[in-house]
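Guided by the hints, dock chain Z with the ligand onto chain V, whose structure is given.
Respectively, the protein sequence lines represent chains V and Z.
Following the working numbering, the numbering of the first sequence begins with 1 at its first residue and continues without gaps.
Following the working numbering, the numbering of the second sequence begins with 1001 at its first residue and continues without gaps.
I should point out that these hints are in silico values taken from the structure, not numbers from a laboratory.
Even glycine gets a Cβ: it sits at the ideal position worked out from N, Cα and C.
Accuracy of the hints is not assured; some may be wrong.
Label pairs and their calculated CB-CB ranges [unchecked claim]:
| no. | chain 1 | residue 1 | chain 2 | residue 2 | range |
| --- | --- | --- | --- | --- | --- |
| 1 | V | PRO183 | Z | PRO1021 | 48 to 58 Å |
| 2 | V | GLU220 | Z | TRP1064 | 54 to 64 Å |
| 3 | Z | LYS1119 | V | ASP239 | 24 to 34 Å |
| 4 | Z | CYS1043 | V | ASP28 | 50 to 60 Å |
| 5 | Z | CYS1086 | V | THR273 | 39 to 49 Å |
| 6 | Z | TRP1064 | V | ASP28 | 49 to 59 Å |
SDA-like mimics (lysine to any residue), calculated; alpha carbons at most 25 Å apart, straight line [what the hints assert, rightly or not]:
| no. | chain 1 | residue 1 | chain 2 | residue 2 |
| --- | --- | --- | --- | --- |
| 7 | V | LYS170 | V | ASP188 |
| 8 | Z | LYS1141 | V | ALA197 |
| 9 | Z | LYS1141 | V | ASN129 |
| 10 | Z | LYS1141 | V | ALA251 |
| 11 | V | LYS359 | V | LEU377 |
| 12 | Z | LYS1119 | V | GLY155 |
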Amino acid sequence: MSTPINAALSRSVAVVGVGNAPYGSFPDKDEYALAAEAFTQALQDSGLEKSQIDGIGVCRIPSYARMGEVLGIDPRWTLTLPAHGRMSGISIVEALAALHSGIAAYIVLLYSNIGRSRRMNYGGDEMPNVWDPWGFTSPGAGHAMMFRRHMELYGTTTRQLAEISVAFRKHACLNPDAVMKKPISIDDHENSRPITAPLRLLDYCQINDGACCMILTTAERARDLRRPPVYIAGVGARDNFRDSSLPNFSADFWYAALQDVAEQAYTMAGLGTQDVNALMAYDNFSPTVLFSLEGLGFCKRGESGAFVEGGRLALGGALPSNTDGGHLSNSYMQGWALNVESVRQLRGELGARQVAGCKVVQYVAATPCTRSIIYTLD
Amino acid sequence: MDTLKMNNASAYTKPLPRPDPELKPFWDFARLGQFAAQRCRDCAHVHFPPGPVCPACLSSSQEWFATSGRGTLFSWVAFHHPYWDCVKPALPYNVVMVQLEEGPLIASNLVDENLQGLKLGMAVEAVFEAIPGDMYLPKFKLRAR
Ligand SMILES: [Zn+2]
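If we strip away everything but chain V, and leave its shape as in the complex, we get:
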């Protein structure tokens, strides 16, 4: 197992402002326009003055300098990360370290995605790789490979997988911002068209435009601000790069990495799976939710299919997850919207989709850069 993260980091930093631009298709806007909308909302939410922001992290946004120019910010901490979903957790961990160390006092993290209007295809010539001559392409195909193996090893079924898509769609129907708001059933999932069988259309996240923003500062500074601080109680991180040529694929379903990440995050937070009131699990493709549940220890290895049956992940179930609808049905914000949702759940702002008595929310991204963040109210 990894060296423990310095315990002093636990609850030393808080999220004090969140915002999001509308989700959908905006061919007349660019990344900067959407990010500016999300930033304006988050800044207002925090009650901070723009001049107080001294750190800026951008993700999927072409130029950090142009972003600073658009927003009129000259920071002393700048971070730019590429358009991968795994980068949301990385950004938040980096911001935590920078704030704890005093390198910056108020950090804004911005994510913007105009992939729908740019007509991203997520495969083929857009993403060349060594396996193209055999036709092996697209992030979803790696997940389909993993899910087929999970089915064969453990007897997991596509109807069990459907439980995830159905639960998250149910949540999206309660989220005014969500893109997909037509209820679906397990049979709808089973009847949707295959893309990379055993995965079907309803196992795939959508592609849409949008933006998210988070503003973070130290716990001490957070106490004087407008909103109840949402603390970062624990984080965990482990990357798997050795089989990177097989894109979006892990021979062990990221199990070892997730176990390592769970140990780091739960130890740092002083919490365990039993304390988690809501889970936000990165769901670019539905199988990652199963892998996350097993790796973090919410269920035994190989038993995630049975675990999700009967709506366990739906609001009202034992472990409400992705209460905004996730990537599958809310918005393809590559982890960012799930972190924003974590903050809103803890503040108790969510009306029809609010988890009652919510005190601990866990974000996890099972990816080649596996990250988890545990948010708490105290």
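Same frame as chain V, now just chain Z with the ligand:
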């Protein structure tokens, strides 16, 4: 050499290999009916795709060699979506993941069209399909153990 005949070249339904100096030895071996991988001369670590140094010991002394071409089935999928226009006539097509006897996990195609009845760990061996450009593409077929 176990080879498969090329269909009409204009009807070829997969992306052709891009010219890539790093992979040239791989395609040269394939032309001889051999599935090649890179092996470290210092620690014998076997890897594919190739790299500039050994990922185990960082030695830059590496060689290409012909693997047994045998392995076991690790997983499989059926592509129903055309990520390239050229694959449309061949949908759905399969992609399998094979663990070579020598270690590397690789992606390829199974020439046995029917995916019903496949099981993890089934024995497979490489066969070589002629493709346009005087090249041979290694694929796999089920093998009786
Ligand atoms: Zn070596």
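Hints, one by one, checked against the model:
no.: 1; hint: PRO183/V <-> PRO1021/Z: 48 to 58 Å; result: holds (54 Å)
no.: 2; hint: GLU220/V <-> TRP1064/Z: 54 to 64 Å; result: holds (59 Å)
no.: 3; hint: LYS1119/Z <-> ASP239/V: 24 to 34 Å; result: holds (32 Å)
no.: 4; hint: CYS1043/Z <-> ASP28/V: 50 to 60 Å; result: holds (57 Å)
no.: 5; hint: CYS1086/Z <-> THR273/V: 39 to 49 Å; result: holds (47 Å)
no.: 6; hint: TRP1064/Z <-> ASP28/V: 49 to 59 Å; result: holds (52 Å)
no.: 7; hint: LYS170/V <-> ASP188/V; result: holds (13 Å)
no.: 8; hint: LYS1141/Z <-> ALA197/V; result: holds (20 Å)
no.: 9; hint: LYS1141/Z <-> ASN129/V; result: holds (23 Å)
no.: 10; hint: LYS1141/Z <-> ALA251/V; result: holds (22 Å)
no.: 11; hint: LYS359/V <-> LEU377/V; result: holds (6 Å)
no.: 12; hint: LYS1119/Z <-> GLY155/V; result: holds (12 Å)
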